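J.: Okay, here's what each chain looks like letter by letter:
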Amino acid sequence: MNEKEQNFDRLKQLLKLKQHEVPPPGYFNNFSSDVIARIRAGEAGGRQTFADRIRTGTPWFASFMEIFDTRPGLVGGFATSLCLLLVFGVIFAEHSEESSDNMLVISGASALPASSVAPLTTPTLASAAVPGAQPTGIVASTNPVTSLQPVTTLFGQPGASPLFQSASFAPAGQ
Amino acid sequence: MIMSETAPIAESGSPAGVPEGDLVRRARTGDLNAYDDLVKRYQERIYATVYHMTSNHEDANDIAQESFIKAFQALKSFKGGSSFYTWLYRIAVNKTINFLKQRKNKHHFSLNDLDFNTENNPDLVALISDKTPFRDVGLTELQKKLNEALLRLSEPHRMVVVLHDVQGQSHDEIAEIMGCNIGTVRSRLFYARQQLQGFLAEYVKTS
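Residue numbers (numbering that gives the first Met the number 0), protein chains in the order written: chain A, 0 to 173; chain B, 0 to 206.
Keep in mind that the hints were calculated from the coordinates and are not lab data. It should be emphasised that the depicted structure is a prediction, and the values quoted were computed from it without experimental measurement. For glycine and all other residues, C-beta sits at the position ideal for the given N, C-alpha and C.
Restricting the straight-line Cα-Cα distance to at most 20 angstroms, the calculated cross-link-like pairs of lysine to aspartate or glutamate (EDC-like) are: (1) A/Lys11 x B/Glu154; (2) A/Lys11 x B/Glu140; (3) B/Lys69 x A/Glu42.
Ranges between beta-carbon positions, derived for each pair: (4) B/Tyr190 x A/Ser62: 20 to 30 angstroms; (5) B/Ala73 x A/Glu97: 44 to 54 angstroms; (6) A/Gly25 x B/Thr139: 20 to 30 angstroms.
Given only the sequences and the hints, what does the whole structure look like? Please build it.
T.: See the structure below:
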């Protein structure tokens, strides 16, 4: 180690050459005034970017971003995890849509007999709970509402194409 | 002029005796005159650090100015946990490393700027007059070889060598500036010196 240190002494001597690399004479005369002018121009023009405003306004965010500055490898990792999160989110959303569709189909099948039973049973139950009460017709049901009626839309009958309409053109006078 | 050695706090035309803390407080309230004093106080050291990392005056100028501007904009987030000088250095170091990552493989030197005192420096005189290959090369050529060798180091290793062996910063200061522990600084310094020694073998070896 000592021998290596001695070898490094020669290297250190060589590195001192770097101390003699200087900018042209008078270089620093206008340096600070240039910096201040740029700051003034930035303030006047409001050139501070949105990212800069976030950084200055939220120090924790600035320190969070500094982690990426010093360890750029983390940027890739962070981006990958975000992508994975997005992909899982999409897959999960599709899966949950499928399962809710299945539930609708199942409950729709069970809703048919229930719909025929409900008008009979519910008023009976209501009148049984409150003796002398007349059935009001207000029914509370947990079954999903499925309509068996064809749906009419604002744009015409279902099944009819609302986008295209046959048209003919005949010049005036014919 | 040796611009990169650690200098006393009040230098470069800034008003001597004004404590750094006062200037920082005033600058935080938007006092640009106070910030001008801070810039004057540290401009040469920040510039030198960036220059030794980039080996190019134009790049060093841009990065040093941007570092000061960013520091002013972020001054409100400066809590005073470290000295303003260390905090400013950290901004400059991060900016420089980011710049170098973008500039990869575009090496261009400013090679015509050795100052008048170079040939009178006792260390260099000893080095050149010694029985080494230094005798056969000019100082500019030597400077070129040195810069090429430095640019072959990774940014963190180069930064440690520049801050320690060129700028004269202590291990503690470097650890604080680079946001790592002292052990890391020491190991990076050792590894970087070994690498440099290998790159500059024909110039460093003793005969």
